[in-house]
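K.L.:
Assemble the whole structure, with the sequences as input and the hints as a guide.
Protein sequences appear in the order of chains A, B and C.
According to the numbering used here, the first sequence holds residues 18 to 290 in order.
According to the numbering used here, the second sequence holds residues 18 to 290 in order.
According to the numbering used here, the third sequence holds residues 18 to 290 in order.
Hints are not guaranteed to be accurate.
Identical copies go unnamed one by one, so any copy, or any two together, can satisfy a pair.
Subject to a maximum C-alpha distance of 25 Å in a straight line, what follows is the list of computed DSS-like cross-link-like pairs (lysine-lysine) [said to hold, decoys possible]:
hint, residue 1, residue 2
1, K174, K62
2, K151, K95
3, K286, K174
4, K286, K20
5, K286, K95
6, K20, K283
7, K62, K151
8, K20, K151
9, K283, K151
10, K20, K62
For the record, the hints were derived by calculation from the structure and aren't laboratory data.
So the chains spell out like this:
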Amino acid sequence: MFKTLFENVRAQCPLIHNITNYVTVNDCANIVLACGASPIMADDKDEVAEITAICAGLNINIGTLNSRTIASMRIAGKRANELGHPVVFDPVGAGASALRTDTALQLLREIRFAVIRGNISEIKVLARGSGTAKGVDANAADRVTEDNLDAAVAFIKAFSRETGAVIAVTGAIDIVTDGSTAYCIRNGHPMMSAVTGTGCQLSALTAAFVTANPAQPLEAAAAAVCAMGFAGELAHARLSEADGSATYRNNIIDAIYNMTPEMLEKGAKYEVR
Amino acid sequence: MFKTLFENVRAQCPLIHNITNYVTVNDCANIVLACGASPIMADDKDEVAEITAICAGLNINIGTLNSRTIASMRIAGKRANELGHPVVFDPVGAGASALRTDTALQLLREIRFAVIRGNISEIKVLARGSGTAKGVDANAADRVTEDNLDAAVAFIKAFSRETGAVIAVTGAIDIVTDGSTAYCIRNGHPMMSAVTGTGCQLSALTAAFVTANPAQPLEAAAAAVCAMGFAGELAHARLSEADGSATYRNNIIDAIYNMTPEMLEKGAKYEVR
Amino acid sequence: MFKTLFENVRAQCPLIHNITNYVTVNDCANIVLACGASPIMADDKDEVAEITAICAGLNINIGTLNSRTIASMRIAGKRANELGHPVVFDPVGAGASALRTDTALQLLREIRFAVIRGNISEIKVLARGSGTAKGVDANAADRVTEDNLDAAVAFIKAFSRETGAVIAVTGAIDIVTDGSTAYCIRNGHPMMSAVTGTGCQLSALTAAFVTANPAQPLEAAAAAVCAMGFAGELAHARLSEADGSATYRNNIIDAIYNMTPEMLEKGAKYEVR
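P.N.:
Written out as structure tokens, the structure reads:
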């Protein structure tokens with residue numbers, strides 16, 4: 018199934034509008050190109066409605082939000098909803114400041130998201146409507162493990178039903194659910210956390226997959242999560258002893274570029290709960 | 018001839034002021050360094066006139082324009098004109114939103130550009146004073162091919178005469194003209210479109226070449242276009258099977274860094290029409 | 018000694034708040050991760066005080082300052098001072114515009130810095146309270162050489178005593194001093210100047226080292242300077258003939274990722290004056 022979903026990305030080359038942070042924006046653009054889609058970055062309130070309209074999907078990431086870009090996120094999100102374009106949301110650092118938490122909650126009230134992708138701590142903050150975070154990485158205490166997996170799945174399913182969005186929580190084990198079905202995904206490599214923005218890149222990739230497969234947001238999001246994790250595995254296998262995190266970063270994007278739909282189909286490691 | 022033009026960049030190490038987008042800015046800075054020039058990025062209205070004044074050339078790119086940076090582009094462009102510094106303009110996404118089209122047209126009215134570099138769709142929007150674009154890439158219908166090359170050359174020559182700027186239209190075949198002479202350039206590789214910002218990088222490179230060769234903007238712009246395309250060829254030749262678009266991105270900058278003026282002279286593939 | 022200082026970074030994984038420029042921000046985030054610390058980038062005035070509070074150290078870099086981010090730098094710096102968090106300052110381009118010079122001097126008056134890291138021209142502008150720069154690189158006339166090293170050390174020591182900050186001046190020879198002891202460091206490679214942002218990366222790395230070793234800001238800053246220079250040497254040794262500045266950029270981050278505290282202890286090249 019993932020094979021067909023990826024083929025659709027490559028065949029349709031959907032144009033994705035990204036309002037994202039300036040830290041990882043270049044990698045986000047390059048991974049969208051690598052998967053076969055096409056990115057456009059635009060964040061001024063005087064153009065985002067038009068840019069969203071010429072695109073087929075929207076990716077909103079609050080990694081370096083500010084008052085100017087928050088206004089643009091709201092305008093673009095509403096316009097995408099009007100047009101029926103899928104919107105992916107990455108609540109980077111929700112819980113790390115009131116501005117991030119409040120903005121994430123406001124966007125959640127005002128915009129209908131196709132997919133929300135974050136780490137477990139960010140998703141907990143959104144689900145509870147408050148909370149703290151220790152930065153942009155998940156708190157150790159929150160982490161999803163084999164021991165707490167069932168409880169985590171139940172929690173994330175409930176949040177999915179509440180929001181109507183597919184929720185993709187990524188970490189050592191990834192969970193992607195639409196409230197009834199949950200994909201528990203075991204692709205990936207721990208070294209991915211040594212590269213800034215692998216989460217941001219995944220959100221952009223998810224936007225490409227969901228936009229090319231609008232009727233299957235759950236499966237498309239799961240396919241994107243598997244693709245990113247599988248790329249992390251392939252990228253790691255290529256590392257020589259002297260290579261480090263910068264080479265690894267490049268190898269991940271290279272792996273997405275060279276990944277075929279057949280490879281994804283075979284490389285995806287998941288179970289459904 | 019391209020040999021001497023490139024030698025001048027390496028010998029003079031011109032300082033280039035860039036007001037550019039946050040997506041590809043790092044690659045722009047690195048390619049300017051790789052060619053032997055020196056970049057400075059500054060976009061606040063309270064300093065751009067001074068920064069332009071200590072530099073020898075200016076590169077304006079509207080890739081992620083906003084109200085704050087548009088004001089800065091206007092101030093810096095006017096100051097560069099007063100000082101007689103060459104100004105390169107990259108109208109990224111003109112036609113994709115009214116803000117981009119209007120800003121590009123306003124800059125065109127207010128600032129005398131040495132070179133305008135864009136894809137064919139962007140240049141058509143500037144020439145017609147209106148129009149639409151499907152993102153930041155050229156529309157398929159607009160593309161310059163062997164079949165419509167003469168008509169494209171005539172159109173671009175006319176726009177060059179109208180603006181007084183050298184026009185560099187890049188695509189599968191590149192056209193660089195000052196209104197009377199046109200270089201039709203066949204360097205490059207299709208994989209360059211899988212890397213974000215190769216066009217932005219070329220504009221920054223063009224600014225370095227034109228600034229080091231102020232009396233020959235046509236030839237300097239043509240040399241920069243050949244250098245970028247030739248780098249794309251050299252970079253592709255180095256790729257191993259597992260390498261993809263991220264490695265290719267690095268290889269392109271590496272190729273500019275290692276390119277000698279003699280290599281450019283021999284590698285440039287162009288005809289004059 | 019440097020061995021222990023580096024071990025502390027790896028063991029504590031300090032969270033570093035960076036308010037930095039959009040040119041080199043991705044490399045700054047990746048080098049902070051590569052050394053074993055954790056970065057967060059946030060620059061909106063409505064959240065920087067909170068973000069600073071959840072972090073253990075702060076890195077302020079004025080590379081692409083604007084009115085919005087200058088306000089945030091002031092707020093974050095004052096908050097970090099209140100909390101006793103070390104603050105590193107990188108006065109990129111001080112002297113290149115009145116805005117940069119005035120902002121740097123204002124921050125110097127208002128914020129107590131643990132370390133100020135810049136090139137010799139930037140530090141001279143700060144010390145004299147005025148002056149000009151020819152861009153973001155050191156003026157040739159200012160450069161620290163074996164011939165003027167004693168005078169440079171004396172000058173930088175005096176500025177350190179005046180500000181109470183450890184001063185790290187980097188160039189062909191680096192000088193790091195707390196006003197009484199000066200480390201003269203001869204790690205590094207000339208090719209580092211062909212990569213944008215090696216200075217910015219060093220400032221971010223310094224913030225990680227100083228935050229993990231708050232009682233030893235002099236030694237921690239010297240260790241960071243040695244680590245960056247040593248990474249530049251290791252990265253250069255790995256280059257093949259066709260590799261250039263982009264591969265070198267990656268190799269530097271890779272070298273920090275793979276550097277062990279023992280390697281740093283052995284590779285550091287310094288004398289104390």
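K.L.:
Decide, hint by hint, whether the structure agrees.
P.N.:
Do the hints match the structure? See the list:
1. K174 - K62: neither (34 Å within a copy, 36 Å between copies)
2. K151 - K95: Classified as between; 21 Å across copies, 30 Å inside a copy.
3. K286 - K174: Within. Shortest intra-copy distance 20 Å satisfies the 25 Å Cα cut-off; inter-copy 56 Å does not.
4. K286 - K20: within (13 Å within a copy, 41 Å between copies)
5. K286 - K95: For K286 and K95, neither the intra-copy (35 Å) nor the inter-copy (49 Å) Cα distance is at most 25 Å.
6. K20 - K283: within (9 Å within a copy, 45 Å between copies)
7. K62 - K151: between (31 Å within a copy, 19 Å between copies)
8. K20 - K151: neither (37 Å within a copy, 28 Å between copies)
9. K283 - K151: The answer is neither: 36 Å in one copy and 35 Å across copies each exceed 25 Å.
10. K20 - K62: neither (37 Å within a copy, 45 Å between copies)
Of the hints listed earlier, those the structure fails to meet are numbers 1, 5, 8, 9 and 10, in rising order.
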